[in-house]
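2 protein chains.
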Amino acid sequence: MRISDLGEFGLIELVQQWTQAAEPDSSLASQAQLRIAVPNGDDTAAITFPDGPATELYTTDTMVDGVHFTSATTPWHDLGWKAIASNISDVAAMGGDPVAALITLGLPAYTAVADIKELYAGMTEICGQYGARIIGGDMVRSPVAFVTVALTGIASGPPMVRTAAEPGHLVAVTGPVGSSAGGLRQLLAGADGDQYAESELIRQHRRPRPHIAAGKALVSAGVRSAMDVSDGLADDLGKLCAASGVSAIIHADQAPTLPALKSAFPDDWLDLALYGGEDYVLLFTASPDIMDVAMRKLLHAAAVVGEITEGTPGVVSVRDSAGKPVERGGAGWDHFAG
Amino acid sequence: MRISDLGEFGLIELVQQWTQAAEPDSSLASQAQLRIAVPNGDDTAAITFPDGPATELYTTDTMVDGVHFTSATTPWHDLGWKAIASNISDVAAMGGDPVAALITLGLPAYTAVADIKELYAGMTEICGQYGARIIGGDMVRSPVAFVTVALTGIASGPPMVRTAAEPGHLVAVTGPVGSSAGGLRQLLAGADGDQYAESELIRQHRRPRPHIAAGKALVSAGVRSAMDVSDGLADDLGKLCAASGVSAIIHADQAPTLPALKSAFPDDWLDLALYGGEDYVLLFTASPDIMDVAMRKLLHAAAVVGEITEGTPGVVSVRDSAGKPVERGGAGWDHFAG
Chain A
92 MRISDLGEFG
102 LIELVQQWTQ
112 AAEPDSSLAS
122 QAQLRIAVPN
132 GDDTAAITFP
142 DGPATELYTT
152 DTMVDGVHFT
162 SATTPWHDLG
172 WKAIASNISD
182 VAAMGGDPVA
192 ALITLGLPAY
202 TAVADIKELY
212 AGMTEICGQY
222 GARIIGGDMV
232 RSPVAFVTVA
242 LTGIASGPPM
252 VRTAAEPGHL
262 VAVTGPVGSS
272 AGGLRQLLAG
282 ADGDQYAESE
292 LIRQHRRPRP
302 HIAAGKALVS
312 AGVRSAMDVS
322 DGLADDLGKL
332 CAASGVSAII
342 HADQAPTLPA
352 LKSAFPDDWL
362 DLALYGGEDY
372 VLLFTASPDI
382 MDVAMRKLLH
392 AAAVVGEITE
402 GTPGVVSVRD
412 SAGKPVERGG
422 AGWDHFAG
Chain B
92 MRISDLGEFG
102 LIELVQQWTQ
112 AAEPDSSLAS
122 QAQLRIAVPN
132 GDDTAAITFP
142 DGPATELYTT
152 DTMVDGVHFT
162 SATTPWHDLG
172 WKAIASNISD
182 VAAMGGDPVA
192 ALITLGLPAY
202 TAVADIKELY
212 AGMTEICGQY
222 GARIIGGDMV
232 RSPVAFVTVA
242 LTGIASGPPM
252 VRTAAEPGHL
262 VAVTGPVGSS
272 AGGLRQLLAG
282 ADGDQYAESE
292 LIRQHRRPRP
302 HIAAGKALVS
312 AGVRSAMDVS
322 DGLADDLGKL
332 CAASGVSAII
342 HADQAPTLPA
352 LKSAFPDDWL
362 DLALYGGEDY
372 VLLFTASPDI
382 MDVAMRKLLH
392 AAAVVGEITE
402 GTPGVVSVRD
412 SAGKPVERGG
422 AGWDHFAG
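For the protein sequence lines, the chains are A and B, in the order given. Quick note: to get my numbering, add 91 to the position in the first sequence (first position is 1). Quick note: to get my numbering, add 91 to the position in the second sequence (first position is 1).
Some hints here could point you the wrong way.
Pairs involving identical chains hold if they fit within one copy or between any two copies, as the list cannot separate such chains.
[As the list claims (entries may be wrong)] For lysine to any residue, the following SDA-like pairs were computed, each having C-alpha atoms within a straight-line distance of at most 25 angstroms:
| no. | residue 1 | residue 2 |
| --- | --- | --- |
| 1 | 330 | 109 |
| 2 | 330 | 275 |
| 3 | 415 | 95 |
| 4 | 307 | 402 |
| 5 | 307 | 356 |
Hints were generated in silico from the structure; no laboratory data involved. Please read these numbers as outputs of a predicted model, since none were measured by experiment.
Using the sequences provided together with the hints, build the complete structure.
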């Protein structure tokens with residue numbers, strides 16, 4: 092069987108079995124010192140050291156040329172920013188602060204040094220703004236360019252996880268969705284550099300800003316169930332539901348979007364909002380009481396978009412304001428599907 | 092300018108400048124909590140948290156198909172073992188224990204699931220033996236297969252570094268060198284699976300055992316200067332000397348080797364011992380007094396092989412027992428050189 096037959100999530104499930112079956116000898120010193128606070132399955136792993144001040148978070152994310160970006164069209168500065176942003180967003184989803192990054196670059200020998208300088212400029216710019224620091228890494232020759240970031244973080248509260256959604260919870264996001272997908276579409280349609288300053292959508296696509304402050308606000312409000320929106324609202328809610336063993340309903344008309352999205356894409360804005368990726372807002376669920384507390388701590392763009400229900404794990408149905416199912420316009424993103 | 096013009100170490104030097112110039116806003120909460128115990132430049136980074144129990148270590152290493160291994164000839168189980176081993180060895184070089192690993196796989200869609208299972212079997216086997224645990228990772232589609240491991244560790248003593256070698260120090264290794272290169276040569280010459288059980292060299296090549304216990308023994312003996320031997324004794328000593336601003340002499344006849352190396356390669360064993368990579372023993376320097384304490388804590392295969400001198404930083408001269416220069420048979424390994 093090829094991994095393309097299994098798909099990304101089938102493969103992840105197998106890997107979890109293979110790694111969990113093999114627990115190391117617990118008599119070893121290093122094992123005695125730690126407790127896995129969040130097992131495999133979330134984007135971010137968490138470890139609590141008994142004598143340590145807090146929970147440590149560990150996440151990693153990779154971008155491959157031709158798969159996750161195109162070096163011919165993605166400015167290297169943007170690539171650096173986004174490679175770090177996706178990892179900071181994973182830390183945000185647990186309610187933590189980013190701390191230290193290891194950068195691995197796979198590069199063809201003909202890569203221009205000036206491009207790598209731009210890549211690091213993008214990475215250090217966002218690291219500086221979020222209080223993270225690049226502390227090391229690895230550089231290797233590779234026929235295809237790739238960037239792997241491994242990021243550590245710290246959470247002072249209990250990390251939010253995907254597995255804690257319950258029937259009766261409301262579902263919300265911490266900011267507008269569909270912006271990045273709208274910006275990408277504008278770029279593909281030929282928007283040039285001048286429009287960058289003018290289009291809020293392109294800005295969101297090129298320089299997404301992870302919701303660290305929102306993540307910490309959620310934890311302090313008592314929220315236990317969250318993830319970040321990287322593959323699209325509907326798709327990511329499906330993953331959260333699968334991990335929690337529940338279903339969900341999205342009320343399409345409640346999905347918050349930037350005004351620029353509707354004006355630029357009067358026909359497609361809802362598809363972009365529901366299925367467009369890379370927004371890096373947080374998706375979370377909570378009981379109505381806790382949701383109320385959380386909403387008061389968040390910025391005005393946050394919105395309740397649905398509810399968790401009993402049902403087949405992972406199934407998300409999208410409804411319009413009359414309660415009728417909304418046709419899905421796009422397909423999910425599977426890293427290995429042919 | 093292309094990175095192939097600069098070479099790996101020229102590029103690493105530039106990256107250090109780019110990242111160190113950009114220090115994040117120190118008023119941010121996460122920055123206030125940490126101190127960089129070991130700056131960029133060593134294979135492993137280290138952070139001390141003021142309230143934490145120890146120094147935390149962070150390292151990452153990548154293997155790319157066709158560059159660091161050949162998926163057609165490297166068994167996947169071995170690849171998994173070695174991908175983890177090279178990272179554990181970096182933690183050993185600082186005198187730490189490994190704790191938690193994040194695994195990133197870049198895989199072509201046609202990869203067989205059975206191969207990935209074998210890869211994880213190799214990784215969990217060595218993790219189990221060293222008390223480390225796989226806690227997460229990322230899997231992405233890629234036209235070329237690669238494995239990136241990010242590993243955290245803990246050191247209770249001050250981490251050993253590359254920058255602390257001083258003139259007057261003796262140079263030593265914690266075990267035999269050249270074994271892995273000898274094993275590789277046997278494999279390339281057509282040794283089959285049956286010979287695996289018979290050849291200690293092939294075992295060392297396929298399943299190198301990082302020197303964690305030796306690393307901790309060195310720290311407790313007061314050793315401050317170490318790295319692991321991944322690119323060859325002479326080459327790695329050159330890097331240690333460059334980082335410390337010193338020169339070194341290797342006494343070729345003192346390089347410890349397995350008896351099997353000399354008997355299998357009566358003409359080339361010294362070249363393999365001096366320039367063969369992937370042995371994952373530790374290379375360290377110390378004053379004669381501390382060296383004496385360290386040697387009593389190490390296994391019998393450890394040996395003093397040279398001395399640190401004043402001179403052009405990074406220059407290593409190899410001498411025979413009469414003090415005459417030994418001709419170098421091989422070239423260094425540069426990841427980006429054409």
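Structure-based check of all given hints:
Proximity of residue 330 to residue 109 under the C-alpha cut-off of 25 angstroms is restricted to the intra-copy arrangement: shortest distance 21 angstroms within a copy versus 38 angstroms between copies. Only within a single protomer do residue 330 and residue 275 lie at most 25 angstroms apart by alpha-carbon distance; the minimum there is 24 angstroms, versus 44 angstroms between protomers. In the homo-oligomer, the alpha carbons of residue 415 and residue 95 never lie at most 25 angstroms apart, since the shortest distance is 34 angstroms inside one protomer and 59 angstroms across protomers. With identical chains, the CA atoms of residue 307 and residue 402 are never at most 25 angstroms apart, being 30 angstroms at best within one copy and 53 angstroms at best between copies.
In this assembly of identical chains, residue 307 and residue 356 lie within 25 angstroms of each other by CA distance neither inside one copy nor across copies; the values are 33 angstroms within and 61 angstroms between.
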